[in-house]
Amino acid sequence: MADEARKKEILEKLRNGVIQYDEDACREGANEALEAGLDANEAIFDGLVSGMEEVGRLFEAQEYFVPEILMCADALYAGLDILKPHCKQMDLGVKGSVVIGTVEGDVHDIGKNLVKMMFDVAGFQVYDLGRDVPLDKFVDEQMKTDSELVCLSAMMTTSMVGMPKVIEKIKAKNPNCMIMIGGAPTSKDLADKWGADGYAEDASNALKEAIKMVAFLKKLRDEKAAKQ
Amino acid sequence: MKADLLKQFLMSEGATLVGIGDVSEALSREIVHLNRGIAIAVNRSLNRETVEILSRLQGLTVEWLSARGFRNLSIPPDSDRRKDKLITKLYKLFCHKTAATCSGLGWVGKNGLVINRQYGSKLSWATVLTNAPLVPDQPVRESECGDCDLCVTHCPSGAVKGHHWSLREPGRKLVAYEKCAALKNVRQSLEGKPNCGFCVTVCPFSRNGKKKAVNG
Numbered sequence: 049m050a051d052e053a054r055k056k057e058i059l060e061k062l063r064n065g066v067i068q069y070d071e072d073a074c075r076e077g078a079n080e081a082l083e084a085g086l087d088a089n090e091a092i093f094d095g096l097v098s099g100m101e102e103v104g105r106l107f108e109a110q111e112y113f114v115p116e117i118l119m120c121a122d123a124l125y126a127g128l129d130i131l132k133p134h135c136k137q138m139d140l141g142v143k144g145s146v147v148i149g150t151v152e153g154d155v156h157d158i159g160k161n162l163v164k165m166m167f168d169v170a171g172f173q174v175y176d177l178g179r180d181v182p183l184d185k186f187v188d189e190q191m192k193t194d195s196e197l198v199c200l201s202a203m204m205t206t207s208m209v210g211m212p213k214v215i216e217k218i219k220a221k222n223p224n225c226m227i228m229i230g231g232a233p234t235s236k237d238l239a240d241k242w243g244a245d246g247y248a249e250d251a252s253n254a255l256k257e258a259i260k261m262v263a264f265l266k267k268l269r270d271e272k273a274a275k276q
Numbered sequence: 013m014k015a016d017l018l019k020q021f022l023m024s025e026g027a028t029l030v031g032i033g034d035v036s037e038a039l040s041r042e043i044v045h046l047n048r049g050i051a052i053a054v055n056r057s058l059n060r061e062t063v064e065i066l067s068r069l070q071g072l073t074v075e076w077l078s079a080r081g082f083r084n085l086s087i088p089p090d091s092d093r094r095k096d097k098l099i100t101k102l103y104k105l106f107c108h109k110t111a112a113t114c115s116g117l118g119w120v121g122k123n124g125l126v127i128n129r130q131y132g133s134k135l136s137w138a139t140v141l142t143n144a145p146l147v148p149d150q151p152v153r154e155s156e157c158g159d160c161d162l163c164v165t166h167c168p169s170g171a172v173k174g175h176h177w178s179l180r181e182p183g184r185k186l187v188a189y190e191k192c193a194a195l196k197n198v199r200q201s202l203e204g205k206p207n208c209g210f211c212v213t214v215c216p217f218s219r220n221g222k223k224k225a226v227n228g
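Chains V and P supply the protein sequences, listed in that same order.
Each number in this note's numbering comes from the position in the first sequence (counting from 1) with 48 added on.
Each number in this note's numbering comes from the position in the second sequence (counting from 1) with 12 added on.
Any given hint could be a false lead.
[Said to hold, decoys possible] Here are the simulated DSS-like pairs of lysine-lysine, each with C-alpha atoms no more than 27 Å apart in a straight line: (1) K236/V - K219/V; (2) K185/V - K97/P; (3) K132/V - K95/P.
The hints are simulated quantities; they were obtained by calculation from the structure and are not laboratory data.
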């Protein structure tokens with residue numbers, strides 16, 4: 049076990065590496081964490097993710113803008129790629145798989161990619177369909193992968209209109225699948241109206257919502273299994 | 013904030029030219045806070061691995077800026093081919109030509125490439141955008157191609173239209189890139205290398221300033 053001072057130093061390096069969008073520092077920090085025998089999950093959450101939280105704060109305070117956010121996310125991935133293979137089962141209580149993509153007609157995928165990053169961090173199996181995804185592709189992919197969760201993203205009002213169609217189709221085939229929508233033009237009201245299970249205005253909210261939903265789903269399944 | 017130190021440093025590390033441009037007017041909303049463009053050029057005819065050299069110089073620039081507490085966004089020399097990161101999506105918001113012309117290192121020639129008085133179109137470019145208040149160089153506002161039409165007449169695909177570039181009209185289409193690309197595809201299938209490069213080699217400025225010899 050690494051001594052506390054060393055551990056703190058490494059976590060700080062990972063955190064600052066993300067905040068200062070320094071990919072090399074994140075890679076170094078990740079390797080040092082492994083050498084020092086730090087728990088990989090701890091390095092991810094108390095190091096990298098802690099840095100990303102600060103980045104979120106800087107973004108809200110309009111200190112950071114879109115390019116900084118993206119470079120910080122790239123730095124986080126640089127560390128995550130090294131740490132991930134050493135992760136034990138995530139200690140989040142749930143582990144799920146998720147289909148994610150930006151709906152047809154929309155090529156904006158920055159928000160989607162940030163949400164995807166949070167799922168990656170949390171140890172979800174992520175099926176990323178990319179951007180401008182035909183509506184039926186979401187339905188097919190959900191069936192194929194039996195994912196508990198589908199995330200639909202849209203940046204434009206014109207492409208957002210495709211969302212209720214996808215929700216309807218997936219729910220018709222698989223009523224237990226949870227669906228989240230997100231992106232600038234979406235809202236809680238729309239999510240309710242269209243029968244989506246969750247709505248997230250940003251990446252960290254999306255993750256929290258997603259974990260809640262998957263946990264709920266697992267509970268339902270367990271209860272069902274217990275009755276049989 | 014003077015830029016001489018940074019320029020000297022990068023030249024000593026292998027840059028052929030370094031310029032600072034005030035690029036405020038060319039920035040989209042996402043990057044509006046990064047209003048200085050550091051244009052770094054490396055002479056392709058002297059260096060094989062220009063992309064590697066430029067990437068290294070960009071790295072040094074980023075270190076230099078970070079150490080002084082400034083923001084930075086590197087647009088790599090091969091930005092159009094980079095897809096491996098999240099930030100690559102933003103590369104298309106800014107082009108090297110803007111940094112090059114705003115920092116006075118050249119104009120956009122009839123051939124659609126940056127032309128520098130000394131090196132012509134033989135330079136490869138990389139850009140670092142920053143919020144460091146570096147004193148900008150004087151921009152080049154107008155084309156200096158004059159009556160020269162060599163790239164227009166020599167282009168095998170007829171893609172070069174022969175228009176003059178101006179900083180006032182940055183969006184003007186100088187080259188029919190679809191024609192150029194069509195020829196590239198043919199060349200790729202026949203010879204295995206896509207670029208013909210006539211528009212570079214024929215340019216008097218690219219031929220070590222032998223402008224008069226060609227024109228006269």
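Structure-based check of each hint:
1. Taking the CA atoms of K236/V and K219/V, the gap is near 19 Å; set against the 27 Å cutoff, the hint holds.
2. Between the alpha carbons of K185/V and K97/P the distance comes to roughly 24 Å, so the proposed pair stays at or under 27 Å and holds.
3. A hinted pair counts as satisfied when its Cα atoms are at most 27 Å apart, and K132/V with K95/P qualifies at roughly 22 Å.
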